[in-house]
Amino acid sequence: MKIYLKILSFFTPVIALAISFGLTTFILIMIDRDPVETFTLMFDYGTTGKSIVSILNRSIPLYISAVAVAVGFKMGMFNIGVEGQYILGALIAAQVGAVLILPRPLHVLTIFIVAAVVSGIWAGISGYLKVKKGVHEVISTIMLNYIGAGIVAYLLANVFFEKDENNSLKVPQTNYLLESGQLPPLNNILGIEDLPNLNSFIVGAVFVGIFYYWLVWKTSLGFDLRATGLNPVAAKFSGADPNKLIVLAMLISGGIAGLVGMSNLVGYFHRYTIDFPTGLGFAGITVALLGRNHPVGMALGALLISFLERSSQILDLNNIPKEIERIMQGIVILVVVVSYEVVRRYILTQEVKLASRMVDKDE
Amino acid sequence: MSNFLNFIKDNKEKTFFIFILFWLLVIAQIETYSQLTTSGTFAATMRLAIPILLAGLGGIFSERSGVVNIGLEGMMIMGTWFGAWAAWLYGPWWGVAAGIFGGLIFGLIHAIATVSFQVDHIVSGVAINILAAGTARFFSVVAYANESQGGATQSPRISGEISSFSLPFLSGGTFLGNETIDLLQNLEDLNLFFISDISGLLGGLTRDISYLSFIALSLVPICMWVLWSTPFGLQLRSVGEFPVGSESLGINVYLMKYIGVTLSGAFSGLAGAYLVIESSGIYRENQTGGRGFIALASVIFGNWRPTGVLMGSGLFGYADALQLRSEESVHGLLLLISIVLLALSIYLLFNKKSRNGAISLLMAFGFGIWFLNSTSVPNEFVYFTPHITTLVVLSFASQRLRMPKSVGQPYKKGEGG
Amino acid sequence: MNTAINIENISKSFPGVLANDSVSFDITSGTIHAIVGENGAGKSTLMKILYGMQKPDNGILKINGDIAKFQSPKDAISAGIGMVHQHFMLADNLTVWENIVLGIDSSNLSKIKKSKYIPDITDLSKKYSLPIDVNLTIDDLGVGEKQRVEILKVLYRGANILILDEPTAVLVPQEVEELFENLKNLVSQGVTILFISHKLDEVMEIADRISVMRGGQHVGTVSKETASKKILAEMMIGKDLPTPPSRETLISSENCLQLKDLRGEPSLGKIPFEDINLEIKKGEICGIAGVEGNGQRELSEAILGLYPVESGQIFLEDIEITKLSTRERRLTGISFIPEDRQSQGLVVESNLVENIILGKQSSNTYSSKFKNVLFKNASKNSKDVVDNYEVKTPNVQTLALALSGGNQQKFVVGREIDGKPTFLLASQPTRGVDIGAQALIWDKLKEARDMGLGVLLISADLDELLGLSDKLYVIYEGKLVKQLEPTEATPEQLGSYMTGLGI
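Protein chains in written order, with the numbering used here: chain P, 1 to 363; chain Z, 1 to 417; chain F, 1 to 503.
Be a bit skeptical, because a hint or two may be false.
Taking lysine-lysine pairs in the DSS-like style, the calculated list, with each CA pair at most 25 Å apart, reads [stated by the list, open to error]:
no., chain 1, residue 1, chain 2, residue 2
1, P, Lys218, F, Lys380
2, P, Lys236, F, Lys230
3, Z, Lys405, F, Lys270
4, P, Lys133, Z, Lys12
5, F, Lys369, P, Lys218
Pair by pair, the computed Cβ-Cβ distance ranges are [claimed, not checked]:
no., chain 1, residue 1, chain 2, residue 2, range
6, Z, Ile388, F, Thr137, 53 to 59 Å
7, Z, Gln409, F, Ser110, 27 to 33 Å
8, P, Gly134, Z, Leu89, 42 to 48 Å
9, F, Ser325, Z, Ser2, 31 to 37 Å
10, Z, Gln409, F, Phe375, 42 to 48 Å
11, P, Pro242, Z, Phe7, 57 to 63 Å
Which bits of chain Z does chain P cover? Going by a derived footprint, with three or more residues having C-beta under 8 Å, they are [unchecked claim]:
no., region
12, 29-35
13, 119-129
14, 142-156
15, 236-243
Don't read these hints as lab results, they were simulated from the structure.
Yeah, the Cβ is synthetic: ideal placement off N, Cα and C, and Gly gets one too.
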């Protein structure tokens, strides 16, 4: 009997997605477009070989961003500041990486560490403000996003820029990373030739997922985090120190956030420019909510969102606004959070009923 | 003399404010920094403060009924989009109505999610923001795809504008059909210490005021009246404070929360519409720039009161106005900050708070050196003046605030005895 | 003399408990009538019936001569009954007058008739001599003043029978005096007052008549003149006390826990506990008797490191632990059975395996060298506890939420005792637990004690205290007022000290 509850819980995202598809269909009809055609186009385009590689590449930073957010969620904290954290981390790491000369593994690793540390400290500010000054982390992280963006813009234009050949024009971008600071595409390492390049940092993403799983579910620190998130009073009585945990959670969350930009930095662009991808911080929140903070769930969520983003690109060529995908994301997230809450409560009440029935039978 | 010192001790905050204002006036006398107190600056302050003010007033209704509303930003975005669209097609006042409506719908969604489905308030707010951004983008494409001046990220220019008025005699408005003098402007042009600055302030606030601004500002006393002088306001405030007790007294808690949250959406929608109609004339993606969050911050350190939100939004509006109009004056602010920090450090050290005093002193020197070594503040930094102001004010204010006791907590009917 | 309330053969039962057993007595109009009894005597159930929050199973209630069948508190209010709760029902951010008129007007945008309400309320407060500035915010009021607002609130809505539930529990002595003055004034205006309390010294000062309840039954009603401390204490506790069983093992001479001159930081102006001096040896159960609200909660939290101590010291096995954090104290071997298992002792949305770890997450049992949680140990230990403590659950993967209260408590007790602690703090360990579970928990506590565990047992249940304790203290208003030998304690003694009478 408990199995049916597990199945319900497992299929809730599917149900939520179905509802979202339904609402999207409705919107498409309203603007006079054929929903069947739209979805077919998206599916066909999204499942081509090129698309699959692109989707995998896109989901790497999305997944890492989601994990960063999820670490906070597990403790009941909202780190909305992944956006500011990762761009600061990526920029500083890019600059440090550009002036270092080290053997490749060390070089790349240093870049990762710098990004994680910078990003972690930026997040730590919010943790500190919450503990010492009672500032709610939602507002402080959001404000720090804007401040971080401003700092990045300033540094890029005035401090970390590349001079062109004549040493006169300032191009706002960091110096190109030497070979040793680059991560070659997986294709090169594996010797695949006819497909576009798969970013090697996908391995990094997998590691991040494993680390997250290990940290939250296997360590005593993770136990403290989860307990505090579920029942702060009992956690305090069991010896967990809420203040220490708040700061730690933010530092770890920020540290992971730092890795969000790495796939793009060392695996693709090899420098930080003003065109460096932004918006990954907020997309990460969507994926974390969609994946219910579960390491595999978030991976699937990241793949889904990337699929939507990629597959919708074909729509413009067929006179369907590709922005339908944007509103779809919004609908999905809203339907999903409502469905998850409804199902969660239902499952809890059912568990209680089932258990008491079972115990009564025994007596 | 001792009376004076006692006054300072008892009114620490007021003295602090007066001190800051005094030095602001002094610095404003210097030619390069004169923009700190011109009527142009204050007029811009008002225009930039009002969206935050409106969203903040909405935030008060939501929070006072016990629901955290992080989605003010998203509701404001809907206000900008619908406001621009209707204003472009039908005219500015239709834009106002449409903006209110757009925000209201999203407010209603937030209410349904948090009150009826008991979704976590912050999660719902974040979802609303994401949905609003996606909706705005999508609707833009659908509505403006074939317009030459519009597109996925902006709308065509709105048609018409809302008329404005000026106070007669003081600000050159018309009186019985005749042009009158602009007394305040004349005073301002005389460059007299204090008198000209005050004239700048008053002139900026009373010259060429659009009717929409007037409506927005009059909402402040209206909200105060509703919240503190009507039974509805009393019940709304009690619901956010102790929902269980309120229910036992016969108050419909769910209904109050729904109204509070939906109203917050309507206000934010109005804020967005104002932003489009008064400031930019078009809808542009990311136009709101975090103002919804700043509005929420102003609710917090305005202590959940309309007057507090008015002052908070005024502060941000001022910072925003300076950064838009005059880079030099922002540079002058560095000097002001340095002087204020210096005074603060003397006060702290005098009171034996040596660690904080030393930090303050160091920061005072830091700002002083920065001031002396530069002629302007880089505009990337100037851009986030409102955001860092928010952070700083919140850090110091959070201890002394009084939020509605049950805000953020899910409420199930009948949870009470 | 009119009778305000006739209570005739009122009975009420809940699953497993007969809360009110054919209770009958009368309350005369214009008097102060006290109802006393220990926790669980049935006072609050009776009050809830009087106030319309519960319906009696049997019996008749008459208010001013008319038969009353209340369906809800609204009916009771219409009949003129007003309840002043122990935990105030006031909106702290609203003013006095706003709280008083809250809910009277329907929700609209008309102007609140402040000009009518405020003078009316002020007149009312003058009439009943309850001085209060109606424009103050509740946040700014002292506890005594808040209580006055609660009283005014019910008077404004037309009450002439007031029920006060443990009104002096939160007041300091001076505020108690003021309250008693107010009550006397109210009575002189014709108001009837029902006063529920466990503090016999106060009750004897203020009440005209006193009804005693015990075990759901009405034991008797005496008038002020005929009452004496002896009579009342015996009525409350009963003539016979359970005989403590003799024990076979000896108490060790080694120290387990010592408290020296412990004093808690004041909260809301009140010092929760002070002058606490206590020595518990290994193999000894030390009981602290007292009605709830006399500082026990703060004291137990202070021992755990969760409530700030202003002065004094705590020693575990002769080592000072006063400055250690909660986690460190747990690691040195302090275990805790909380009084509120669901909020303090369990993460109800997690299963039993996870809950077994709670409290010991950083100990070697559950934390490896690399800080990994040792789930194998957790699984085994949770199964052991389930077996040894007869916890009825489908399996250890079940969520704690799904267990009944008694089983949850057995699990928590098992977890805390099985962890081989050095010292166990048990706070109301069998509250709200069925008889079978209670007996099992008592046996386990005795077993652990015989094996050398030192236990501090804080309880309001006299059977429990007398059945388990090797030595007994009574706590009243934050001080340990008496030490008693369990074998020699009389009901009179216990009752008196617990209720402040003292002998």
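Evaluated hints:
For the hint pairing lysine 218 of chain P with lysine 380 of chain F, the CA-to-CA distance comes to about 17 Å; that is within 25 Å, so the pair holds. Under the criterion of a C-alpha separation no larger than 25 Å, the hint pairing lysine 236 of chain P with lysine 230 of chain F is inconsistent with the structure, at around 44 Å. At roughly 23 Å between alpha-carbon atoms, lysine 405 of chain Z and lysine 270 of chain F fall within 25 Å of each other, so this suggested pair holds. Annotation: proposed proximity of lysine 133 of chain P to lysine 12 of chain Z holds, straight-line Cα distance about 20 Å (limit 25 Å).
For the hint pairing lysine 369 of chain F with lysine 218 of chain P, the CA-to-CA distance comes to about 13 Å; that is within 25 Å, so the pair holds. Between isoleucine 388 of chain Z and threonine 137 of chain F the beta carbon distance is about 33 Å. The supplied range of 53 to 59 Å is therefore violated. Taking the beta carbon of each, glutamine 409 of chain Z and serine 110 of chain F are about 30 Å apart, inside 27 to 33 Å as hinted. Judged by the Cβ atoms, the range 42 to 48 Å given for glycine 134 of chain P and leucine 89 of chain Z holds: they are separated by roughly 47 Å.
A beta carbon spacing of about 47 Å between serine 325 of chain F and serine 2 of chain Z contradicts the range 31 to 37 Å that was offered as a hint. The hinted window of 42 to 48 Å between glutamine 409 of chain Z and phenylalanine 375 of chain F is violated, with their beta carbons roughly 33 Å apart. A hinted range of 57 to 63 Å is violated for the C-beta pair proline 242 of chain P and phenylalanine 7 of chain Z, which are about 41 Å apart. Coverage of a stretch by a chain is defined here by at least three residues with a beta carbon nearer than 8 Å to that chain's beta carbons; for the region 29-35 of chain Z and chain P the count is 0, and the condition is violated.
Given as covered by chain P, the region 119-129 of chain Z passes the check, having 8 residues with a CB less than 8 Å from a CB of that chain where 3 are the minimum. For the region 142-156 of chain Z, the stated coverage by chain P is satisfied: 3 residues place a CB nearer than 8 Å to a CB of that chain, which reaches the threshold of 3. Remark: the region 236-243 of chain Z is not confirmed as covered by chain P, as 0 of its residues place a Cβ nearer than 8 Å to a Cβ of that chain, below the required three.
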